[in-house]
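Number of protein chains: 4
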Amino acid sequence: MRLALGCEVSYDVLDTATLIFNIEAMRGGRQQVLNEQLVVNPNLVADEKTAPESGNRYLRLTAPPGYLNVRYTAEIELDPLHNAPAFIAEVPVATLPIDTLPYLNASRYCPSDQLARFANRQFGNIAPGFGRVVEICNWINGEVDYQFGTSDSATTAAGTFSTRAGVCRDFAHLGITFCRALGIPARFVSCYAWQLEPQDFHAVFEAYLGDRWYLFDPTRMASLDGMVRIAIGRDAADTAFATIFGAVNPRNVWVWANALDQNTSAEWTTDAVSTTQD
Amino acid sequence: MRLALGCEVSYDVLDTATLIFNIEAMRGGRQQVLNEQLVVNPNLVADEKTAPESGNRYLRLTAPPGYLNVRYTAEIELDPLHNAPAFIAEVPVATLPIDTLPYLNASRYCPSDQLARFANRQFGNIAPGFGRVVEICNWINGEVDYQFGTSDSATTAAGTFSTRAGVCRDFAHLGITFCRALGIPARFVSCYAWQLEPQDFHAVFEAYLGDRWYLFDPTRMASLDGMVRIAIGRDAADTAFATIFGAVNPRNVWVWANALDQNTSAEWTTDAVSTTQD
Amino acid sequence: MRLALGCEVSYDVLDTATLIFNIEAMRGGRQQVLNEQLVVNPNLVADEKTAPESGNRYLRLTAPPGYLNVRYTAEIELDPLHNAPAFIAEVPVATLPIDTLPYLNASRYCPSDQLARFANRQFGNIAPGFGRVVEICNWINGEVDYQFGTSDSATTAAGTFSTRAGVCRDFAHLGITFCRALGIPARFVSCYAWQLEPQDFHAVFEAYLGDRWYLFDPTRMASLDGMVRIAIGRDAADTAFATIFGAVNPRNVWVWANALDQNTSAEWTTDAVSTTQD
Amino acid sequence: MRLALGCEVSYDVLDTATLIFNIEAMRGGRQQVLNEQLVVNPNLVADEKTAPESGNRYLRLTAPPGYLNVRYTAEIELDPLHNAPAFIAEVPVATLPIDTLPYLNASRYCPSDQLARFANRQFGNIAPGFGRVVEICNWINGEVDYQFGTSDSATTAAGTFSTRAGVCRDFAHLGITFCRALGIPARFVSCYAWQLEPQDFHAVFEAYLGDRWYLFDPTRMASLDGMVRIAIGRDAADTAFATIFGAVNPRNVWVWANALDQNTSAEWTTDAVSTTQD
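Chains as they are written, first to last, in this note's numbering: chain A, 1 to 278; chain B, 279 to 556; chain C, 557 to 834; chain D, 835 to 1112.
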């Protein structure tokens, strides 16, 4: 599947400030960046770095007072792998790769220590494997209301669990939290999402199963096959599309992701099918 | 400085369980492991791995029901570097190394987003540099009571900030939180600590200043020059000395760290002198 | 049913301190105090007051440094009323007595605002009435583990809801919280409880149904018919058995409640039968 | 001082709902209601009750689907008492009136247990009396930013203490919390406030000193002498201007309070002068 996507963000910089953007599509795995353009206005010197561990791509600018606009566009080829869910196993902690272990730890928005007892009560008796993570997503989708304005940037998965309402990042945090509580490494993914309505940066999660990271979206608001990963991290604290140091007022954010293929189907993968871009 | 240190931990394993220990001294930097022994009783197959990013050393065991004892002993040579505090600068966010950026993010126990306004009110007008982190430690030492039983494994730095009481890990979490809120990368360090009373695993933090990570201990309970680093991480969630998957009851923990040099001074470095083992 | 009950509490008073005790059995309703004795050692002047609104009985002392011992013993006659559960209705908010309205409000340990969505999802479709509160108790009893050491004096019902573990006061807080979220006035009750094992002050709750306050105990650890009410309040913040102003170290607490009747049955009322001492 | 004040609130009632309003000026003490009108549109049967303990006046309606508008207007005569601050003492816990004791307890938004250590560190050495509560207000005014959008209906005083930002209700909650932690009974007051900009319901607090409740406003946004009390309670959970049971969407809230006297001074009482309407 081929997508034309991008975003445009603008700010009023009140005093010289440093901004770190993380808006570019990740390279590698089953996600190929065919071409991309980045336009910064005014035309500032930008420091571009890819974090070796995560593959997250950072654009760092120091902007003078005034208007700042950053526009990113790209064409992406996705070639998602679909393995048969029944054959995708959980990996015992005893044999998990060493670099997946940090994704078992509690994090800012995913206090898996606090929800461990519930996770084991609710999901502990489900057969381990891909299907158990699907059950976690089903539970979240059924028990939590998707509603704007019910959460904010301080909301943790324990908060969402109590209030039973949130948005995509809260749904992802809850999924991650339950997985970790069960011994399944899980990480947060920010992405562009084809057919997401309304268009915005989206948040989903990946669980480590079999020999790779599989995508899950408890909101079921977009096709897993149409997700273009921007950043991975412990949770939303690691994947902000913009981190601002200084006095800056945000103005606008536009995000888009359109299919370029003529015959791309509008229907999308449900959780009954595995998807990985890893 | 040369130290003989170690720990011994024991458990009642109720049902086959996997345990991941992180008790071995880190190798490298200014901390040299001269020799070390690890004895597991019963004599189980152990998986030993060093995480490439952090250098944390993991010992992973799957233990059958029954008594489990793990004993680690080592001789360590420390060669701490002392730079003149006045010449150790903060690094502007615009030029921070890419691998220090995750240590600016909020984490499970260090919600730097929540304490940002206070941190900037209290420490924002202090001249940037090593001395500012010393001021943070002074504030914590003066305003927070060190008292066992006032915090638990769920306590965050925001909690400690409100209740004004805690133990070494809470002190470290608060220091990390303030640093991050000011744009200074900071990370948690678990360690063996010479002269710590009572002996136990100790928790301090490192801030990235100049071109390296410097040690800080807001508790001032032991010499920075006598700290042997075991693990680094975002916060205590990353550095547990034992992470247990399964039904296991802890029995005992012993920790020790003794100077081997004849003429090791009993006095210790205050925060007015920089120390790094990095 | 006739009970001989009491408690003995002792302290080391470090510096002149004021203590307010709330340990005496309430008078009135279906709970008759046949006789009682209060012995304070040393023999201090005590201020005894009954709060007009609640009926809570306060014993206020100012104690000099030294040992302090307070012993309360009483014989109580309970004459609980049992109405048929099927005929005990919820009272619409439109007609609730004015003095029950405060018991709809969120309180320190009962943040009914935060759990409102869950309460309505889980219990909103159950037929209103006594049976709905029984269902709430059943849910708590089934979904929360009774376990010492899993909560502390700062634990709210939202915390217990997340961690799924607690003790009697946490169970009561959760029941109150759900009731209030559904528009049912509910209040906290501290009590002596016949046959409670181990003996201690107990915590249950009352919901306002029909024309009075009915007792509920989600722990099901003792007979509702053998509960002697000490204090009522919004939650545990209102019903501490001792509130201390000054430097005082607690030493011991003993509590007992024994049946005086020869033929008192050991079996106890389940939630299928209503009980009120009001 | 004579004020013409009132409010108008409107709703879209989606399904038959019960609403409890608490918008009418309290009667009694130094606050005299000269005349008042209440207009409900549509013209529903309303249940009007005054809570005996608090004096809060409740208007209870059950409204059919459709538009609902409630308008309250009143003329109020205030005759505040000003005692000399230097002669207003704190009351030792040993002699506090029994009905002030509940206002020492922690409540939903005022977790005085959690901030006790800080309160005693910061304010414990200040001479007891009216001046100490003024110091508490000074501290809040100096250390907390008044800023809309920084808090919400779930924010506690511990949260405000950490984030150092909030609005009038948060300022009042923090003041109450510190007072209670020091053994000074304190309660929340919702009010109409002359000269408040922008006009809205205001929130302040009262502390029990000497022989009565004195008003304090840590925001210093309006004259204490021009405050017309609507409701008192433990905290904001007890004093909502509208409590809604059912599916109702709020539309508008207007509030006003104008001086009727020709020569009313625009300057206002600072905290250096005591004010009580009690």
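To be clear, the hints were calculated from the coordinates, so they are not data collected in a lab.
The beta carbon of each residue, even a glycine, is placed where N, CA and C say it ideally should be.
A couple of the hints might just be wrong.
Quick partial rundown of chain C residues pointing at chain A, CB under 7 Å, derived from the structure [to be verified]: (1) GLN670; (2) LEU671; (3) ASN676; (4) TYR702; (5) GLY705; (6) PHE717; (7) ARG720; (8) ALA721.
Exercise for review: Check each numbered hint from earlier against the structure, then list the numbers of those it violates in ascending order.
Suggested key: 3, 4, 5
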